[in-house]
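Asker: Next come the chains, spelled out residue by residue.
There are 2 protein chains.
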Amino acid sequence: MQKQAKHKIVIIGCGNVAWHLAKLFSSLKKHELFVYNHKPNDLLNDFKTKLKCKTQVGLDKIITNAEFYFICVSDRSISSASIHIKTKNGILIHTSGSVKLDELGSGDNTAVFYPLQTFSKQDEINWQETPIIIEAKNTTTKTKVTVLAKQVSNNVGNMTYKDRLRLHLAAVFVNNFTNALFVSAGDIVNDKQLKNLLPLIKQTITKLGRIDPRAAQTGPAKRGDEAVMKKHLKLLSGNADLKKIYKQMSSLIIKQQNNKHA
Amino acid sequence: MQKQAKHKIVIIGCGNVAWHLAKLFSSLKKHELFVYNHKPNDLLNDFKTKLKCKTQVGLDKIITNAEFYFICVSDRSISSASIHIKTKNGILIHTSGSVKLDELGSGDNTAVFYPLQTFSKQDEINWQETPIIIEAKNTTTKTKVTVLAKQVSNNVGNMTYKDRLRLHLAAVFVNNFTNALFVSAGDIVNDKQLKNLLPLIKQTITKLGRIDPRAAQTGPAKRGDEAVMKKHLKLLSGNADLKKIYKQMSSLIIKQQNNKHA
Numbered sequence: 000m001q002k003q004a005k006h007k008i009v010i011i012g013c014g015n016v017a018w019h020l021a022k023l024f025s026s027l028k029k030h031e032l033f034v035y036n037h038k039p040n041d042l043l044n045d046f047k048t049k050l051k052c053k054t055q056v057g058l059d060k061i062i063t064n065a066e067f068y069f070i071c072v073s074d075r076s077i078s079s080a081s082i083h084i085k086t087k088n089g090i091l092i093h094t095s096g097s098v099k100l101d102e103l104g105s106g107d108n109t110a111v112f113y114p115l116q117t118f119s120k121q122d123e124i125n126w127q128e129t130p131i132i133i134e135a136k137n138t139t140t141k142t143k144v145t146v147l148a149k150q151v152s153n154n155v156g157n158m159t160y161k162d163r164l165r166l167h168l169a170a171v172f173v174n175n176f177t178n179a180l181f182v183s184a185g186d187i188v189n190d191k192q193l194k195n196l197l198p199l200i201k202q203t204i205t206k207l208g209r210i211d212p213r214a215a216q217t218g219p220a221k222r223g224d225e226a227v228m229k230k231h232l233k234l235l236s237g238n239a240d241l242k243k244i245y246k247q248m249s250s251l252i253i254k255q256q257n258n259k260h261a
Numbered sequence: 000m001q002k003q004a005k006h007k008i009v010i011i012g013c014g015n016v017a018w019h020l021a022k023l024f025s026s027l028k029k030h031e032l033f034v035y036n037h038k039p040n041d042l043l044n045d046f047k048t049k050l051k052c053k054t055q056v057g058l059d060k061i062i063t064n065a066e067f068y069f070i071c072v073s074d075r076s077i078s079s080a081s082i083h084i085k086t087k088n089g090i091l092i093h094t095s096g097s098v099k100l101d102e103l104g105s106g107d108n109t110a111v112f113y114p115l116q117t118f119s120k121q122d123e124i125n126w127q128e129t130p131i132i133i134e135a136k137n138t139t140t141k142t143k144v145t146v147l148a149k150q151v152s153n154n155v156g157n158m159t160y161k162d163r164l165r166l167h168l169a170a171v172f173v174n175n176f177t178n179a180l181f182v183s184a185g186d187i188v189n190d191k192q193l194k195n196l197l198p199l200i201k202q203t204i205t206k207l208g209r210i211d212p213r214a215a216q217t218g219p220a221k222r223g224d225e226a227v228m229k230k231h232l233k234l235l236s237g238n239a240d241l242k243k244i245y246k247q248m249s250s251l252i253i254k255q256q257n258n259k260h261a
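The listed protein sequences correspond, in order, to chains A and B. All letters in the first sequence, in the order written, are residues 0 to 261 by numbering that gives the first Met the number 0. All letters in the second sequence, in the order written, are residues 0 to 261 by numbering that gives the first Met the number 0.
Incorrect hints may have been included.
Stated by the list, open to error - Derived lysine-lysine pairs resembling PhoX-like cross-links, with alpha carbons at most 20 Å apart:
#, chain 1, residue 1, chain 2, residue 2
1, A, Lys229, B, Lys201
2, B, Lys201, A, Lys194
3, B, Lys229, A, Lys149
4, B, Lys242, A, Lys161
5, B, Lys28, B, Lys60
Don't read these hints as lab results, they were simulated from the structure.
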């Protein structure tokens with residue numbers, strides 16, 4: 000019996016999303032993986048040696064017979080990268096939360112595969128839990144991409160561009176802005192104390208799954224405790240940025256609490 | 000053999016901190032618990048029926064022979080509540096991150112027992128992981144309170160008022176402000192989508208234990224991606240508060256990334 004040829008997946012780019020997709024697909028062992036980058040990059044070597052992908056510099060020689068082409072480049076380069084892909088039946092995919100489907104061109108086989116997750120290279124990703132948001136030009140393409148996504152995640156959904164962008168914006172609030180607050184906390188106390196804040200942070204997150212965050216709010220702003228807020232602002236007197244953030248976040252909390260059903 | 004009398008612990012107040020301390024000490028089964036509130040409150044009944052504390056309304060009849068008096072009232076009432084405690088050897092304790100020790104009066108037996116945690120009544124608290132910050136008027140008192148704290152937590156430390164206040168401020172950033180961002184995210188998307196953000200939030204927290212948060216930062220502000228930030232701000236055009244927060248947090252992230260060793 001002849002061994003069935005593995006489906007080919009092309010990944011364009013060698014950043015964090017490219018890395019984690021390549022790692023994921025190589026763990027599934029159902030695909031042959033090709034990684035391209037438009038210019039030489041030390042990271043490409045990791046794909047070859049650690050994940051056993053075929054790698055190549057330059058987008059001119061991208062194979063034409065792959066099933067899926069994941070374009071994992073910066074938002075502003077998605078459109079120009081897609082032009083290099085000459086395929087008959089392969090599906091062009093971008094993974095961005097904030098880019099329209101039609102940046103992939105006017106072809107029929109285009110789709111969005113947006114993993115609602117944050118990717119640092121050294122992370123382990125729980126793909127089964129990670130929501131994957133799909134959008135596709137037509138039903139056939141949507142079905143193919145959805146079948147692939149369901150091999151990966153238990154939470155696959157469809158969404159319009161506008162809803163995806165909205166979700167991406169919310170993700171910026173809970174991920175990037177939250178992380179910026181952690182950086183600020185680390186600037187207020189030392190590293191050892193930042194570690195001491197971890198159980199508190201974990202508890203805040205645990206609540207989030209069970210209690211509406213408005214109801215879970217605690218602290219001086221929620222209580223309208225002016226005396227404590229004054230002490231905090233005095234501590235921040237040397238840091239105009241954090242002082243501004245403190246005032247604005249406190250005033251946001253007060254509004255959120257007054258406007259409980261907004 | 001005569002049964003040894005249990006040490007008595009008095010708790011003043013019936014809010015979330017009072018509740019979780021009473022629940023904790025009643026689980027240790029080493030103490031007899033008395034809960035007082037200055038005015039009638041429906042919550043007092045829960046202490047009596049669910050935690051088997053003795054409860055009483057009014058601070059005039061507080062027993063004088065307890066070992067520890069936990070004053071778990073609002074910051075501004077700590078001082079006035081402490082005046083009602085007439086004890087010879089008992090230790091007066093407050094649990095606030097932002098109140099000086101001497102608000103407990105000029106007696107020798109005063110201490111701070113600050114659990115670095117967020118308390119909602121329906122929560123389960125992991126006390127073993129929760130840091131407890133101690134400050135005390137003298138060594139004997141410090142030893143007694145530390146012995147008690149070590150029955151509860153694996154992370155007991157001493158700190159001056161100024162460092163405690165600084166830690167409390169950092170806690171406001173990572174807990175209250177982070178939670179306010181979750182409320183905002185819930186206002187941007189719907190409740191179902193807020194649930195979809197949970198794996199992302201969990202990943203952000205998981206990173207925090209392993210990677211310096213400056214290095215873990217991702218997103219449009221970190222990349223300087225003006226096009227995406229413009230799209231996000233357009234989505235927020237109907238919400239002046241969130242637009243302001245978006246701009247300020249993004250500018251904070253840009254500064255944090257430029258100033259990597261601050």
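Asker: None of the hints should be skipped; say for each whether it holds.
Answerer: Comparing the hints with the structure gives:
1. Lys229(A) with Lys201(B): It is violated: about 32 Å lies between the C-alpha atoms, which goes past 20 Å.
2. Lys201(B) with Lys194(A): holds, 16 Å
3. Lys229(B) with Lys149(A): violated, 33 Å
4. Lys242(B) with Lys161(A): holds, 18 Å
5. Lys28(B) with Lys60(B): Violated, at about 24 Å.
This entry does not satisfy hints 1, 3, 5, going by the numbered hints stated previously.
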